[in-house]
Amino acid sequence: MGAIAAHRLGSARHLGVLAIDPTSPHSGGSILGDRIRIDGVVTDERLYVRSVPSRSSADGTTDNLPDLLAALEEQRFDEILVETVGVGQADYAVRQCVDTVVVIVLPGSGDTVQAMKAGILEVGHVYAVHKADRPGADLLAAELAATLDRRALNGWIPPVLLTSTVSGAGVPQLSDAIDAHRSHLRSRRDAGACTLARARYDVERLVTRRARELVADLPPDALRQPLRDVYHAVVHELLGELAVPHTTTNSEGQRDGDCSTP
Amino acid sequence: MSLAKKRILIAKPGLDGHDVGAKVVAMALRDAGADVIYTGLRKSPDYIADVAVDEGVHAVGLSVLSGSHLSLASDVIAALDARGAGDVAVFLGGTIPHTEHKALLDMGIRAIFTADETLDDVLTRFDAALGET
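Chains as they are written, first to last, in the working numbering: chain A, 1 to 262; chain B, 1 to 133.
In isolation and in its complexed conformation, chain B is listed as follows (with noise of 0.2 Å):
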């Protein structure tokens, strides 16, 4: 699996307290291998772009339950880039409806993770996304 010695940032931007999903994913995450930083709660988008450029992680996966999933991952995008990191692969996970998957796809979400598949699947489809870079 090609996720074995990814460095991987998991992160809580913005104010939603709940981390159960964010702690699951990594720890899928260095079962499979890769080694996963993770940011605690209620981070801003520039704090989670400067973690990932110390850091040299090649994927931020990012945690969202409180709605404003479109704003914080156009954000920490936007912070990615005028870091010179747009090249780090930007996952999104949390209570994302599907309505919105196309605009955060079309934003540069590399993928999407929702509570209704399982973790099988979202390591599955996490790898594959990473093996586009």
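Here chain A stands alone, though its shape is the one from the complex (with noise of 0.2 Å):
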């Protein structure tokens, strides 16, 4: 991310980073450890990075992660890079919220790479596989190419790169296919699809998350009821609360009436 950032601001005049670490489980806590490595390769007045808790999202994103873009969005930033949490097979969920997604993989997973085919290279518009300098590197990235080659997305046949940030090797080539996937994006009549995914996403997540908050809120006799009924409890609930708009606080507070798409 240092890496990449730095080569960005070759070009941005202000550059903001959202960087995701995860939420214990156990305490709610969390230690927030990417912007050291960040800050290791650059630091420049232009950069903007905010460490941010995953809370009680599991998806490799954030509570409020299209609030978070917009806020840097108001603020005439030139363009945001997110780092997620790290994502397994089926947490796809950041794709809604940006326009370029890169997967990073790293040599020495093989198997993984069989069991990532149907999840996440569906997801991806540029793949660098990182630690290039390590054995097993372009054969991952051969396996990738290969497999990739036949999942073109409207037209987007995703690149795969190899990247090290021991040699510097594949950061400038990473930078521009970032630049060709934008321009491509920008050469098709719907344009706009991203900002409407971002926006479904903001709705989905924010009503899932309430809806989960009050799923843990129920008190055991409840859950000893049938499904049917505690279902109906909970969309009760949830409904009730659009007759008081503003009241409701979610874990955070933060929402004060704000649910602008962005």
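Treat the hints as calculated values from the structure; they're not laboratory data.
A couple of the hints might just be wrong.
[To be verified] Residues from chain A shown here face chain B by an in silico Cβ test under 7 Å; the list is partial:
hint, residue
1, H7
2, L9
3, P25
4, G28
5, I31
6, I36
7, S51
8, P53
9, S56
Note that beta-carbon positions come from the ideal geometry of N, C-alpha and C, so glycine has one too.
With the hints as a guide, dock the two chains, each given alone in a separate frame, to form the complex.
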């Protein structure tokens, strides 16, 4: 992240980074360590880094990611990089929030690649086999490329690159690939699709998060009722909150009715 | 505990390269529900203040074992003030002689932690001092 941020600062006037690290499911606390690795490579007053805990999100992103992105966009950042927690096979939520998804894989994960083929290989617009100085990188890149060639997404064939921060190799190419994908997006007729997807995600996340909070608060007795009754009770509770807008306090208490879509 | 969801920066100002204590405290704060950002070793007071502002933290915990705690603590407090972030609580931990605690507290350090107390005591005092804001 530090290497690509440093490279992108060559052309961007102001760069924002949202670096998401996991929240402990036990304590609710977190250690936000992404900044160390970014600052180790680049410190520049045009670079704004905000470390963000994942909170109740379990899909590689964080609660309120669309709001955070909208807040940064209002500050006229030329570009915003989001570093996800790191995702498994089926976590592709971030795709609904950003224009370009870069999937980073490491050599030595041959078996995982097999498993990934259905999930994460349908998400990325650019693939980087990182730590390419380690053995097995070329093979992994070749396997990925062979799989991806047959998976063109709306006329875009995701490139597979080899990157290494030890040698610095591949970082300019990764940056070029991000630019190429951006040009590709601009050339498409449904250029506003990303904004719509993010708005949809924003609503979905807010509703599911509130539903999860309501379910978490259910007393044991309620859970012993038939599923249909519990479901109705939760939905009823959710709908009941609509009657009194702006009084629901979620765990953050940060939504002051500014649910505008980006 | 009021530490839950507090954003806390743990920082190593100056030239000493020992951060076991800083990491132990960082993890204890995490286990108490705080979001903890760690700067890594050998950072300047200006850098620490920049990060504190960018990250919007409630508190900064400085770890110093080099003996330079008086000047470093005062520089960090001045750097925060210069950025309009004088409301950020500044804590200090490390090898801090008891004879110098009063001077440090007078310059605005919220609380001082040394190796002669338990982690539970550290958390309790951290929590209480943060609650004073």
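Each hint tested on the structure:
no.	hint	verdict
1	H7	21 Å, violated
2	L9	16 Å, violated
3	P25	12 Å, violated
4	G28	4 Å, holds
5	I31	5 Å, holds
6	I36	4 Å, holds
7	S51	5 Å, holds
8	P53	5 Å, holds
9	S56	12 Å, violated
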